[in-house]
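A.B. asks: Protein sequences appear in the order of chains W and Y. First residue of the first sequence? That's 1 in the UniProt record's numbering, and the numbers climb one at a time after it. First residue of the second sequence? That's 1 in the UniProt record's numbering, and the numbers climb one at a time after it.
Hints were generated in silico from the structure; no laboratory data involved. A hint or two may mislead.
Across the chosen pairs, the derived CB separations fall in these ranges [as the list claims (entries may be wrong)]:
| no. | chain 1 | residue 1 | chain 2 | residue 2 | range |
| --- | --- | --- | --- | --- | --- |
| 1 | Y | 243 | W | 125 | 36 to 42 Å |
| 2 | W | 164 | Y | 446 | 43 to 49 Å |
| 3 | Y | 114 | W | 160 | 27 to 33 Å |
| 4 | W | 105 | Y | 197 | 48 to 54 Å |
| 5 | W | 124 | Y | 211 | 57 to 63 Å |
| 6 | W | 105 | Y | 314 | 44 to 50 Å |
| 7 | W | 105 | Y | 70 | 53 to 59 Å |
| 8 | W | 30 | Y | 314 | 53 to 59 Å |
| 9 | W | 137 | Y | 276 | 45 to 51 Å |
| 10 | Y | 151 | W | 30 | 53 to 59 Å |
| 11 | W | 125 | Y | 152 | 44 to 50 Å |
| 12 | W | 105 | Y | 243 | 29 to 35 Å |
Using 20 Å as the maximum straight-line C-alpha spacing, the simulated EDC-like pairs for lysine to aspartate or glutamate come out as follows [what the hints assert, rightly or not]:
| no. | chain 1 | residue 1 | chain 2 | residue 2 |
| --- | --- | --- | --- | --- |
| 13 | Y | 157 | W | 82 |
| 14 | Y | 265 | W | 71 |
| 15 | Y | 152 | W | 162 |
Quick caveat: nothing in here was measured; it's all calculated off a predicted structure. The beta carbon of each residue, even a glycine, is placed where N, CA and C say it ideally should be.
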Amino acid sequence: MATLKEQLWDPIAGFGVTFRTMFRKVVTEQYPFEKVPTAPRFHGRHQLNRWPDGLEKCVGCELCAWACPADAIYVEGDSNTDDERYSPGERYGRVYQINYLRCILCGLCIEACPTRALTMTNEYELADNSRASLIYEKSDLLAPLLPGMEQPPHPMRLGDDEGDYYRGNLRARADDEAGEA
Amino acid sequence: MTVTTGDGAGSAVEKSDLVTLTIDGIEVSVPKDTLVIRAAEQVGVQIPRFCDHPLLDPVGACRQCLVDIPDAGNGRGFPKPQASCTLPVAEGMVVNTQATSAVADKAQQGIMEFLLINHPLDCPVCDKGGECPLQNQAMSNGRGESRFVEHKRVYPKPINISAQVLLDRERCVLCARCTRFSEQIAGDPFIALIERGALQQVGIYEREPFESYFSGNTIQICPVGALTSAAYRFRSRPFDLVSAPAVAEHDACGSAIRVDHRRGKVMRRLADNDPEVNEEWITDKDRFAFLWARQDDRLTHPMVRDEETGDLRVASWSEAFAVAARGLAAAKRKVGLLPGGRLTVEDAYAWSKFARVTCRTNNIDFRSRPLGADRGAEEAAFLASQVVLTGPDGGAVTYADLETARTVVLAGLEPEDEAGAIFLRLRKANRAHGTRIFSLAPFTSRGLRKMGGRLLPTVPGTEATALDALAENGEVALDGGGIVLVGERLASVPGALSAAVQLAQTTGARLAWVPRRAGDRGALEVGCLPNLFPGGRPVSDASARVDLGAAWGAAKLPEAEGLDAESILDALVEGDLEALVVGGVDPADTLQLYGGQLHGARAKKLRKALRKAFVVALEVRSSELTEVADVVFPVAPTTDKAGSFVNWEGRVRPFGKVLESPTSLPDVRVLAGIAEERGRPIGIRSPEQAATEMQQLGPWEGERLVIEPAEIPHEVSASSTSGERTLVLASWKQLIDDGRMQDGDDHYRATARRPVVLVGQATFDGLGGVEEGDLVTLTGPLGSLNLPVRVADLADGVVWAPASAPGFSVRHLVGPAGSTVTVSTLEGGRK
Chain W
1 MATLKEQLWD PIAGFGVTFR TMFRKVVTEQ YPFEKVPTAP RFHGRHQLNR
51 WPDGLEKCVG CELCAWACPA DAIYVEGDSN TDDERYSPGE RYGRVYQINY
101 LRCILCGLCI EACPTRALTM TNEYELADNS RASLIYEKSD LLAPLLPGME
151 QPPHPMRLGD DEGDYYRGNL RARADDEAGE A
Chain Y
1 MTVTTGDGAG SAVEKSDLVT LTIDGIEVSV PKDTLVIRAA EQVGVQIPRF
51 CDHPLLDPVG ACRQCLVDIP DAGNGRGFPK PQASCTLPVA EGMVVNTQAT
101 SAVADKAQQG IMEFLLINHP LDCPVCDKGG ECPLQNQAMS NGRGESRFVE
151 HKRVYPKPIN ISAQVLLDRE RCVLCARCTR FSEQIAGDPF IALIERGALQ
201 QVGIYEREPF ESYFSGNTIQ ICPVGALTSA AYRFRSRPFD LVSAPAVAEH
251 DACGSAIRVD HRRGKVMRRL ADNDPEVNEE WITDKDRFAF LWARQDDRLT
301 HPMVRDEETG DLRVASWSEA FAVAARGLAA AKRKVGLLPG GRLTVEDAYA
351 WSKFARVTCR TNNIDFRSRP LGADRGAEEA AFLASQVVLT GPDGGAVTYA
401 DLETARTVVL AGLEPEDEAG AIFLRLRKAN RAHGTRIFSL APFTSRGLRK
451 MGGRLLPTVP GTEATALDAL AENGEVALDG GGIVLVGERL ASVPGALSAA
501 VQLAQTTGAR LAWVPRRAGD RGALEVGCLP NLFPGGRPVS DASARVDLGA
551 AWGAAKLPEA EGLDAESILD ALVEGDLEAL VVGGVDPADT LQLYGGQLHG
601 ARAKKLRKAL RKAFVVALEV RSSELTEVAD VVFPVAPTTD KAGSFVNWEG
651 RVRPFGKVLE SPTSLPDVRV LAGIAEERGR PIGIRSPEQA ATEMQQLGPW
701 EGERLVIEPA EIPHEVSASS TSGERTLVLA SWKQLIDDGR MQDGDDHYRA
751 TARRPVVLVG QATFDGLGGV EEGDLVTLTG PLGSLNLPVR VADLADGVVW
801 APASAPGFSV RHLVGPAGST VTVSTLEGGR K
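Here chain W stands alone, though its shape is the one from the complex:
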C-alpha cells in the first residue's frame, strides 16, 4: 500500500522538475544546423601533413598500420626518384588508405608516426552510405595546399637533403622573402 506522500506529493514533484528546467540553460545542440566546436584535442578524421613547400611528410613506413589495433590502415611505400619526388628522402607512401568503418579513432597511429605526417583533425562527420566511400585514400587525407605550397611531385625546395628537413634547417623560400618585402 503506497503511502500518502507517494500518492499525492510525488506526482506534483515531477511537474516541479519540468517547471524548474524551463528556466535553465538549454543543452540540446541544434546539430546539424548549428555546429559546436569540439574539444581542441578531439580525435577526428586523420590528416597527412605536408612540409611548407608542399612535399609530403609521410615516408610510407607503415608504422601507423603496425600500431593500428583495428587493422584500419593500409600503406604501400615506394621509392622517390629525382624526377618524381613526393617526400624528402628516399621513400614515400604511394598508397595510403584508412578504413573509417574500422577505425576507432584511438590515436595510436598518431603516436607511432615518426615524421609527424599523420595527425588528427577535429572533423567528426564521418558518416556515409557506402563502404567504398568510407575508405579514405591518400588524396582524401592529405592536408590542403596552403599558400606557398606546391603540389608534389617536385624537388626539395627547402633543403639539400632530407636531413635538412628533419633537423629543421629549412631554407626560407624565395617567394616568402618576396612576399615579406
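Starting from the known structure of chain W, arrange chain Y on it as the hints suggest.
C.D. replies: Here is chain Y on its own, set in the frame of chain W:
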C-alpha cells in the same frame, strides 16, 4: 637457423668425443669443436650475434657475442670477455653469458652502443625494420636510450653493388657475412671490406662487377638493412606479409623457399632452410623471378575459337570443356599430348591418365625441349631403365652423397647455370672434403673453376667416346666412391647416355640424371613418356598394363609405345595426328626450333599444321601456342595450387597453395573437366585426389626396362673438313636468360652475364687483328649475331656462346648446340 652437427655423417662417430662444460651453471655435453655460442643454444641461452652464421666460417667480426669465461677448462679464466662465436668448447670450461654474468652483459651493452654510434636511426624507411637482428638485439641486449648526441657518419646512399643489390654503407655493422658468403659459399668474391677504422666499408672492385648468381643470399643474411634488393626496396613490411613455405619452380633442385605475399601478390621470396637440399641458399632466379605469373598476358578466362569469325573468344568453363571434348572425340586416337616439364607431379599424373584413359593413346612426352631427330628413344629408354623410381630412400644419389663423394664426374651439365643448389653443394664438397670434380665440357667454365674442378676437354658430340674412355682414365680413377652426374643435354649426343650407364657399371660409380626443369623428374615418375605408365610401369609389359588397368578400372590401355615429342610434331605435320593437347611448353624452344630451323620450311609447315589441327592449350600466360589453339584453358601457376615437385634426387618436395586465384584452375581439374565431357572420366579432380590415387597405385615392382647398349661412335666425323674457320657450336642456357618465367623484373634481368663468344687461342689468332672484347660475327644455320669475343681453353674447332641471354639468344639467332658455325671479324668480308 641451422644447427650444424659438425660433419653430417661424422656426428655418429663423434658421439664418443663429447665435451662437457658448464654454461650459466647448467652442465651440457656437446661434440668436440662445437663453438660456445652453439653450445649455449643447447641450454637455451641466446647470445646476441651479428657476424656468426652456422654455414659460414667463424670470424669474430662484430664482437657482440662476448661472454665471461672464469674457467677455460684448465683452471684459469680469461681475463676479459671472449667472443663466443670463435671459441671452441673445452672440457670443464665454465661460461657465463649475459644471463648470469654482469661482466658479459656490460660488455655486450658496450659493443651494442659502439655498433649503434654510426648506425642511422632510419628504421622507419629501412627494409629490414621489423625483422632486423640489430633492432631486436638492441632492444634485448642494449640500452633503451642513446647517449650519443654527436653527428653520425653519413655516406651517400644507396649505392648499387649490382643491378639488383643495393648497399647503404652507413647501416653496415661490418659483420662480413656478405663478403664471407661470396667468398666461401658462392665463390664470387667481388665484394670485400675496404678502408680501415671508422671508414671501413663493403666495397666492390672497380673493374669487376658483382656478378653472381647467388647475390640475393647476401641480402637475406645481412643482419642489418645494409644490403637490400632493388626489386623489394620499400615494397612492404614484414608484419603485413604472409609467409608460406614453397618450392622453387625454376630448376630441378627442389630448393625450399619462403614466399611472402600480401593482398594476393607475391612481394618477395626468400631461401628457406632445408639442410638436406639447399641448406639456406638459393639462386637469384629462385629468389627474384616470380613476377612472370603477374604479367599482363596472364590468361584469366577459358577461350574457344569462334566458328564464324575464327577468333578466340571468352567462354565459360563448361563450354570450353565441351568444345575441347568434342574436338578430341573427333580426332579419336589421333591425339598427341605435350604436357611440358614444369608440372607438379599431381598435374603430370592427371596428364598421364588423361592420355591413356580419355585419349587412349601413349603419344605423350614431357620433353618439350628440342631433342633432335631420333634422339628421343634413347633417352626414354635411359630414363625408364635407370632413373624412374629411384630416390633417396632407394639409395639414389643425394646432395649429402655429393658432399662426401670422392670423385664427381659431370657430363652434359654445367651446375652453376643449370642446377644452382648442386653447384653450391659441389663447391662445398670440394672445399671441405677435397672431392675431386671432373667435367666433360668444351672449356673450363667459371663455375668449374670455382668448384676446383678439372676439365676433361670434350668437343660437343664426342661425349659418348669421352665417357667410354673415362673408365680407363687413371687420373679420374672413378670407383665405387664416385658419382656421375649427367645433364639432360647429354641426350642429344648419340650413345652418350648408354656410355654413361656403362661407365657406371664398369667402375661401380653411381649415376644420377639432372634435368633442367622442376617438373621433369615428376613427369617421368608418373609416366608422361611414350614408353612408360605411372609408377615406372613399362608400356611394353603386358602384366604392367593389366596391373594399371585394374587399378584404374580401365578395360584396355593402349598397348603400343607412343610417339615422342619430336615425332608428335612430325605426325602433326604429316597429318597423322589430328589433335594436340599442349601444356607448359615454351614455344620458343618447341616450335621455333622444330627441325633445327627457325623460320625454315619445316617450322612453317608445323605452324600451318597447328592451325589445321585441333589444339587444346593449358597455359598460364598467352603465348604463340595459345594464339593457334582452338581451346585455351588458364591454368594455375605454382603459387595458386598445391602440389609437389620431384627433384633430381627423386625426393618429393610438396608445397601448399599460396594465393587464392579464382581465374585459373590446376591442370588436373581442367583435364578432369574435359574427360568428364568426353564421357571417359579420369576419376580425380584435385591435386589432393591425384596424390591419394598415386599413393594407392604405388610403384611398379616387376621388371624394369633394360637399356640396350648403344653403339658408341669411336670416330667422330671431323668437323673441320670444310675449312679452318668451320667450328662446332657448344652452347647451353645460362641461369639468367630470356626465359618467359623470368619476365617482369628488370633489375634481375640486368644481372645476367653479358653474352660473349668464347674461342680457343688458335681460332682467336686466326681471326687476326681482333682484341678480346671486340665484336665478332657468329654465323650459324639460323643466322648471325655480333658478340664480344673472349679467349678460353676451348679445343681447336669449338666455339662457345650462351644458348640464351636477354636479347642475344644464340639458339634462335645462330643455331642450337652442335651446329656448325663460323666466326668472322665484324666487317664480315675479311677472312
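A.B. asks: Look at each hint and say if it fits the structure.
C.D. replies: Tested hints:
1. Here the CB-CB span from residue 243 of chain Y to residue 125 of chain W is close to 40 Å, well matched to the stated 36 to 42 Å.
2. Our hint of 43 to 49 Å for residue 164 of chain W and residue 446 of chain Y holds, since their Cβ atoms are close to 46 Å apart.
3. Taking the beta carbon of each, residue 114 of chain Y and residue 160 of chain W are about 30 Å apart, inside 27 to 33 Å as hinted.
4. Judged by the Cβ atoms, the range 48 to 54 Å given for residue 105 of chain W and residue 197 of chain Y holds: they are separated by roughly 51 Å.
5. Evaluation of the 57 to 63 Å hint for residue 124 of chain W and residue 211 of chain Y yields a pass: the beta carbon distance comes to about 59 Å.
6. For the pair residue 105 of chain W and residue 314 of chain Y, the beta carbons lie near 45 Å from each other, so the given range of 44 to 50 Å is met.
7. Under the hint 53 to 59 Å, the C-beta atoms of residue 105 of chain W and residue 70 of chain Y, about 56 Å apart, fit the expected range.
8. Taking the beta carbon of each, residue 30 of chain W and residue 314 of chain Y are about 57 Å apart, inside 53 to 59 Å as hinted.
9. The supplied range of 45 to 51 Å is met by residue 137 of chain W and residue 276 of chain Y, whose beta-carbon atoms lie about 48 Å from each other.
10. About 57 Å separates the C-beta atoms of residue 151 of chain Y and residue 30 of chain W, a value consistent with the hinted range of 53 to 59 Å.
11. Taking 44 to 50 Å as the suggested C-beta distance range, the pair residue 125 of chain W and residue 152 of chain Y conforms, at roughly 45 Å.
12. Between residue 105 of chain W and residue 243 of chain Y the C-beta distance comes to about 31 Å, which sits within the given range of 29 to 35 Å.
13. A C-alpha spacing of about 13 Å is found between residue 157 of chain Y and residue 82 of chain W, which places the hinted pair at or below 20 Å, so the restraint holds.
14. Simply put, residue 265 of chain Y and residue 71 of chain W have alpha-carbon atoms about 19 Å apart, close enough for the 20 Å limit, and the pair holds.
15. This hinted pair checks out: residue 152 of chain Y and residue 162 of chain W have alpha carbons roughly 15 Å apart, not beyond 20 Å.
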